[in-house]
Amino acid sequence: MLTEPRLTWNVIADVRQLFDFPFMVNALRAGTIVAVLAAVIGWFMVVRRQTFAGHTLALIGFPGAAAATLLGVGVLYGFFAFCAAGALVIALVPRSGSTRFSEESAVIGTVQAVALGAGFLFVTLYHGNLNGLSALLFGSYLGVTGTQVTTLLIVAACGTLFIAIVGRPLLFASVDPSTASANGVPVTLLAVGFLVVLGLTAAEVSQITGALLVFALLVLPAATAQALSTRPGRGIAIAVGVSVAITWLGLGVAYYTPYPIGFWVTTFAFVAYVGSLGGRQIVRTVHR
Amino acid sequence: MFTHSFMQHAFIAGTAIAILCGLVGYLVVLRGQVFTGDALSHVAFTGALGALAFGFGARAGLFAATIAVALLLAALGPRGRGDDVVIGSVFAWTLGLGVLFLSIFTTRHATQNSAGGVSVLFGSIFGLSAGATLTAATIAVVACLVFAAIARPMLFASLDEAVARSRGVPVRALGYLFMVLIGVTAAEATQAVGALLLLGLLAAPAATAGHLTARPFRAMALSAGVAVTSVWIGLTVSYVVPWMPPSPAILFVAAALYATAFTVSRVRVA
Chain A
81 MLTEPRLTWN
91 VIADVRQLFD
101 FPFMVNALRA
111 GTIVAVLAAV
121 IGWFMVVRRQ
131 TFAGHTLALI
141 GFPGAAAATL
151 LGVGVLYGFF
161 AFCAAGALVI
171 ALVPRSGSTR
181 FSEESAVIGT
191 VQAVALGAGF
201 LFVTLYHGNL
211 NGLSALLFGS
221 YLGVTGTQVT
231 TLLIVAACGT
241 LFIAIVGRPL
251 LFASVDPSTA
261 SANGVPVTLL
271 AVGFLVVLGL
281 TAAEVSQITG
291 ALLVFALLVL
301 PAATAQALST
311 RPGRGIAIAV
321 GVSVAITWLG
331 LGVAYYTPYP
341 IGFWVTTFAF
351 VAYVGSLGGR
361 QIVRTVHR
Chain B
10 MFTHSFMQHA
20 FIAGTAIAIL
30 CGLVGYLVVL
40 RGQVFTGDAL
50 SHVAFTGALG
60 ALAFGFGARA
70 GLFAATIAVA
80 LLLAALGPRG
90 RGDDVVIGSV
100 FAWTLGLGVL
110 FLSIFTTRHA
120 TQNSAGGVSV
130 LFGSIFGLSA
140 GATLTAATIA
150 VVACLVFAAI
160 ARPMLFASLD
170 EAVARSRGVP
180 VRALGYLFMV
190 LIGVTAAEAT
200 QAVGALLLLG
210 LLAAPAATAG
220 HLTARPFRAM
230 ALSAGVAVTS
240 VWIGLTVSYV
250 VPWMPPSPAI
260 LFVAAALYAT
270 AFTVSRVRVA
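Order-wise, the sequence lines are chains A and B. First residue of the first sequence? That's 81 in the numbering used here, and the numbers climb one at a time after it. First residue of the second sequence? That's 10 in the numbering used here, and the numbers climb one at a time after it.
For reference, chain A alone in the conformation it holds in the complex (with noise of 0.2 Å):
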């Protein structure tokens, strides 16, 4: 009963032919739980400027999976156990201080070199399954199922959780470290624990996008939000909706053409970042 998907005018016939079969339906769940998550944790991302780290991160999930398929391991632990120990790689190694040499993103662009020729060897050892490869790196949102679902969901609720408690001095602390810390704020204990909290989303996000791909959910609903809002509640809420919206569209239109998730949903996402600093352009020159 596999029938080719088919567009028609009539809209509702067309969404009710999306959730017709669960793989679907369990990939909009998956891609709902990845989105939210993303979008809050993104949106602190690029208020404390880690957007190395986070794609550094994100493309950490990809040696992980590979090595867990070597082993004969789930996927799921390879990508977890892989981001959170590049997480704290990159957290042990100490802020560039005085000097300007930026210590801090040479480390962070060899940890990712690295992780990635491990990754490739990973594949090259396990006798080069080539879709294999693609799909680790470009994603796919074919084959999610329910247990899987729920694992997202409960990382997601430790994530979220994780923000719910500690936004607000993370927040103090990654807009005016120094201040922050004179107030008592734990900073550096705030810095590591977000970067695991970030590898941990990017492994989680992996599994849907591919490693390649994390960073487009990560980075573009939180800069589309920050052009809209500086308000952070307002600006995690916008985060939130663009990165759902997105997901969802994506979702929706690789269903119906031959082209891959990846490309449609990080085209969407970079329209609506386009959109809306053009809409602040346009506000800013009405106000003046």
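Think of the hints as simulated: they come from the structure by calculation, not from any bench. This structure is a prediction, so every number in the text was calculated from the model and none was measured. Treat the hints with care, as some may be off.
Simulated restraints, written as ranges between beta carbons of each label pair [unchecked claim]: (1) Asp-256/A to Met-10/B: 34 to 40 Å; (2) Ala-244/A to Leu-85/B: 31 to 37 Å; (3) Leu-329/A to Thr-147/B: 42 to 48 Å; (4) Thr-230/A to Ala-182/B: 53 to 59 Å; (5) Ala-165/A to Thr-116/B: 32 to 38 Å; (6) Phe-11/B to Leu-329/A: 53 to 59 Å; (7) Ala-139/B to Asp-256/A: 54 to 60 Å.
Covered by chain A, according to a simulated footprint, are these stretches of chain B (three or more residues, beta-carbon under 8 Å) [claimed, not checked]: (8) 17 to 26; (9) 42 to 56; (10) 204 to 212; (11) 243 to 255; (12) 261 to 270.
The beta-carbon is built from N, C-alpha and C at its ideal position, and this holds for glycine as well.
Given chain A, put chain B in place with the hints provided.
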């Protein structure tokens, strides 16, 4: 080992590319532009796949894409450097485009599967022909000469921008030129170690050199030396160990050298 022509090609092209990466990488790290290098390396992936998908040569696509995006990032950022969030947003989308090109390419050339995509992502230094080697080496030499010509004012502008500008150094123009140079380096290195791994060849040797000496010009030379050493050892290891692909081997050596330098300088400070 050198009786095989593919090994000779790999060593010639690898050395030239390593020198370029080491030199440019030092200023990239000094200026805190590693993230830009990261972005351009991913753009290289999209460029090469786009060219493959639409039937041009991969190399033309590589250079066109990296140079164009380098200029775009320079234009969008303050003082020709590029802002983190802007860079991230642009290249997140570029990656998405790359995925689209990959899927177009694989559906058109069903027999080749995604091998073309893999060689772009992870390099194919053992697959270089004599012509490709010559081209890669020539471009690397020219880029190194350009680098040598702008190294002094560039270093000045990187260390103290305000003073450099007041002394008549064209800081902004240099910023643009340097971005183009990073783009060229990214496109070059993609042929050797692949789009996903070239960041290591930019960052690790430069950071190693930064630990060994504080003098900038000595550090540049050292950085190029470390990069060349990594490539040579990596290629040899990959030749001797059959299951080891060349690009991860090169990266592991570069990272090991960096980790050693990092630890040694830590111990010395303590």
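Quick rundown of the hints versus the structure:
1. Asp-256/A to Met-10/B: 34 to 40 Å: violated (57 Å)
2. Ala-244/A to Leu-85/B: 31 to 37 Å: Since the Cβ atoms of Ala-244/A and Leu-85/B sit about 35 Å apart, the hinted range of 31 to 37 Å holds.
3. Leu-329/A to Thr-147/B: 42 to 48 Å: holds (46 Å)
4. Thr-230/A to Ala-182/B: 53 to 59 Å: holds (56 Å)
5. Ala-165/A to Thr-116/B: 32 to 38 Å: Cβ of Ala-165/A to Cβ of Thr-116/B: about 37 Å, so the range 32 to 38 Å holds.
6. Phe-11/B to Leu-329/A: 53 to 59 Å: holds (55 Å)
7. Ala-139/B to Asp-256/A: 54 to 60 Å: Since Ala-139/B and Asp-256/A have Cβ atoms about 59 Å apart, the given range 54 to 60 Å holds.
8. 17 to 26: violated (count 0)
9. 42 to 56: holds (count 5)
10. 204 to 212: With 8 residues close enough to chain A, the hint holds.
11. 243 to 255: holds (count 3)
12. 261 to 270: holds (count 4)
Figure legend: structure checked against the earlier numbered hints; hints not met, in rising order: 1, 8.
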